[in-house]
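As they're listed, the protein sequences go chains A and B.
Counting from 302, one number per residue, gives the positions in the first sequence under our numbering.
Counting from 365, one number per residue, gives the positions in the second sequence under our numbering.
If you are wondering where the hints come from, they were derived from the structure by calculation, not from laboratory data.
Some clues are possibly wrong.
Stated by the list, open to error - In the BS3-like style, the derived pairs of lysine-lysine whose C-alpha atoms are separated by at most 27 Å in a straight line are:
id, chain 1, residue 1, chain 2, residue 2
1, B, Lys501, B, Lys375
2, A, Lys786, B, Lys683
3, B, Lys375, A, Lys564
4, A, Lys497, A, Lys528
5, B, Lys683, A, Lys758
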Amino acid sequence: MTAMLARDIADRRDSLQIRVRGRVQGVGFRPTVWRFAREYRLDGEVLNDGEGVLIRVSGPRGEIERLVERLRGEPPSLAAIEAIELSPFVGRLDEGFRIVESAAGEARTEISPDAGICAACAAEVRDPFSRRYRYPFTNCTHCGPRLTILRGIPYDRASTTMAPYPLCADCAAEYSEPADRRFHAEPIACHACGPKARLVRFDGRAVSYEQHSMLDDVDAAMSLIQKGEIVAIKALGGYQLACDATRAEAVARLRQLKRRDRKPFALMARDMDVIRKYCAVSSEEEQALRSAAAPIVLLDAPGPQYLPESVAPGMSTLGFMLPSTPLHVLLFRRMGRPVVMTSGNLSDEPQVTDDAQAAARLGTIAPFALIHDRDIANRVDDSVVRLTAGKVRVLRRARGHAPASIRLPRGFETAPQILAFGPEMKATFCLVKDGRALLSQHQGDLEDAATFDDYRKNLALFRDLFDHQPQALACDMHPEYVSGKLARERAQAQQLPLVEVQHHHAHIAACLAENGRPLNAPPVLGIALDGLGFGARTDMRGGGIWGGEFLLCDYRRFERLGTFKPVAMPGGAQASREPWRNLYAHLMAEMGWAQFAMNFGELEIFRALAGKPRATLDAIIKGGVNSPPASSCGRLFDAVAAALGICFERQAYEGEAAMRLEAMVCRKTMVEEGDELAYPLAIPNLKGSGLPYVEPVAMWNAILGDLVLRTPVGVMAARFHKGLANVLVAMALKLARRAGETGPRFETVALSGGCFHNRVLLEETTRRLEEKEFEVLTHAEVPAGDGGVALGQAAIAAAHCMD
Amino acid sequence: LAHGGGGKAMKDLIDDVFVSAFATDTPRALEDQARFDLAALAAHGDRLAFTTDSFVVDPLFFPGGDIGKLAVFGTVNDLAVGGAKPLYLSCAVVIEEGLKIEELRRVAQSMAAAARRAGVTIVTGDTKVVQRGACDKLFITTTGVGVIPAGVELAIGGIRPGDGILVNGLLGDHGAAILAARGDLALETEIESDCAPLHGLIDAVLKAAPATRTIRDATRGGIATVLNEMAEASGVAIEIDEAATPLREEVRGFCEILGLDPLYLANEGKIVLAVPPAEIQAALAAMRAHPLGACAMLVGHAHAGEQGRVTIQTAFGGKRIVDMLVGEQLPRIC
Ligand SMILES: [Fe+3]
Ligand SMILES: [Mg+2]
Ligand SMILES: [Zn+2]
Ligand SMILES: [Zn+2]
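Based on the sequences and whatever the hints tell you, model everything.
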């Protein structure tokens, strides 16, 4: 009887409205609903609207519940469901189930990022009996290009760079068949109707017979790479330059021609087996490599085989990615060795996206190019991630991540629309709308004119894509950042309030936002360590240039509780390029030349520094001529690296000294050596302001002593990282105590700033803080470096606007 | 020198320093104002040019010049870049109490020598002594009157895409010399200020290249600032080529050590010119034939790009934005 009743209830016809929120548009969600609904013989309809996907369905209660379960369990691969809400539906539904054309106002906070080729498409291009055999632009609803081909709104074929390719009858049939995996997939194409790839010579001459392949031009391109040639490849978000990574001569030639002397090259390999010959790959790392975002994953490279040193000079890691477009999958079919796959540009310029530009800029580097006739609408660089402390951390957020949105924490639901212009280097910008943050892809260094043009183009594109009408703007306090100048100009022209955000406050706010820290949560201790940022002018306890800061903060305000020792940067920006300057400034601040000479005159670094124009340096430091004092952790890293003989003269790229110092760290020392040998850093109070600061004098004596003893560099690098982690924890403990109060001043510590891209530092600091029972917030989805600053600016501006 | 009431004797002493230095054959200096014969002025051209500038520099004396020379040539050049023939100057001096009378005398004599070299007459002036700390040693304000010949039409807003951007020589000497002199930077440098009167050179250029659009002296903020003002005013983009930017090896080395961008260093004898394509070569040749333009270069071009933007094509092939600085050169690298 009971069983019959239960069945009766399950059989009873019901009409429900199902609301699905999240990233559910443009990812094949409606056809998936359609397929399931037909399977369960439900009547009704599905449509996209301003809030996501709306399903109206009528049928047996049990079947409807099964439909919901299926959607939760087997959503389309690019979908990200945030909520499914059920409510009764009153109204008539026709028999059968249909997909309704979009209602007015598509959701305008969710556009899926470019996604790596799916398994089904990858199988098709390899299948000689498929009509897409070896077709390099194969894709479906579950994979393929998005932001890189998007010219405007709405997101349909006409507003992408696929517009010039009308669908052939076969493709059109797939496009309009709900049961097909290509139903409403905007960029689909085939040999018959889509763009084609071809091998050309940049000098305009014809590709000769022996440069051809029996198979096709894509295959021929790899043959050239295998023979040692450099080939330019028109990839998804920009041109790439490729050469055989196992040929030292080819790699050296690429470096020389590209004028990129030491910065590590990214690599691509056909499959995991090839990568494993060179790198240790954990399951999390493999998952990251295989993910739809298909980023460059920095992997430990302990062998068993080695690539030429010139691939990644001084690094203990290699940055690998897997082929993520059909073009790359096909290119790598016959290649069992890793290939250098670096951005197609000269030196520090942005990656080339335009065909004419490519011939002009890359023609001197690569004699051959594998090109095609689908335009790249937006430059989107490769993303870079690294596994640290058990989590995959995004170091550069670009292809596969942008323009996915980040939900802002509780309290930000009613935030007004905000546009944050970001920092200057490694710039991104950030939009706030509907309680979500849209962080742009990595733009690069805005002082470069072409990058700045791109940045402004992207500002306009995002404004249109997301129908964004900011009610307030945000930027960095630095008076000379070009992003800030643009923001000030726009604020004035459009009569909008402008929130100028302190750089390190923004770093910490980004970390809070990413970790879902609610708007009204109690303040945390933010430890922001980076190269440098403009100090708050209004703060009586500082001003000047900051870069190693302990801030008690929430989204609204911050109080600078502690800092690193302010040390002069003799020669300003030049000190950021030449580590020896920081070493000199540090040693002079701590002991002076006479004492250094007396005690450490036999050291190599003594001789090297003695050969520098010391009197001039002394004079500019003393006279304050372009030698601003900076409380910078990044410059401390540079100074220590220089002391250890790493990048003493010059860094070839930003962060090189610190990265190489980290790469030197001896693991055995990290694990086995006691903390008593970690370099000692004290915490006295600054004269005048009384601000507690990290004082490295004892560390310098220990380092110089270790140099006298010829201690291995790896051991010293380990002792430095440990010492630094220790002093951060000591500072946190000191600052947490409040005289005469019960309970600590804060229980949570947020770590941000570019120095926390350093794996050893992040792992050591996190572990030690957690041992002291602090809750530790770190970055994962958003870069700890300046790539995350825009998100922090946006959150802070939103908080201001809501008060 | 003592400040304030110091009495008539003191006042006379100071006035004497200047009056004797500037002594001219005419009795004009004894009147409360300079008086000009309009017909004589009109013989030079059809418009009067009138400018004023205050000069403060630390130290007062530096390799290649001093505050007095600067005050004369600075105002002469401000007239000259408008195409005017500089004729008369006034000179107002604010002196901090404690300045040595010998130093003041040196400055006055230097001004007189500069005026003679530039062919201008200092026709009126004033002196004040203020208490210690109320000014820094010595401030000089010079005002200049000149006449613009008929037909000379220079306008900063007149630059068109395709115009050549020229400079008359090596950049940054003055800024580097001042910095070197100021800080006792322990640099064995021979760099001297380029402080010089430029109307002769400008006259020569305008004869050879009469369609020249505009001329600016690249003083404070250097050529970077002037280029930004030009691009802004004319609604064009300007691109210069790093390889074509004339720099003394010593200044390059100086900037390298100090981490400064030479494009922002002050000059006191350098002009930036915008010249239409057809006259670029003539302008260059005319400058190179003049002693103050021997190292003249075509450094770049105006083009129809982003309005108001100045870029530099670097040796590595990139294009860097050369912005107007809000403050001092501040490091930006994070
Ligand atoms: Fe930063
Ligand atoms: Mg002036
Ligand atoms: Zn697919
Ligand atoms: Zn087709």
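Now for the hints, and whether the structure bears them out:
1. Lys501/B - Lys375/B: holds, 17 Å
2. Lys786/A - Lys683/B: The hint holds at about 19 Å.
3. Lys375/B - Lys564/A: Since the Cα atoms of lysine 375/B and lysine 564/A sit roughly 68 Å apart, the hinted pair is violated (cutoff 27 Å).
4. Lys497/A - Lys528/A: holds, 24 Å
5. Lys683/B - Lys758/A: holds, 17 Å
In terms of the numbered hints stated before, the structure departs from hint 3 and from no other.
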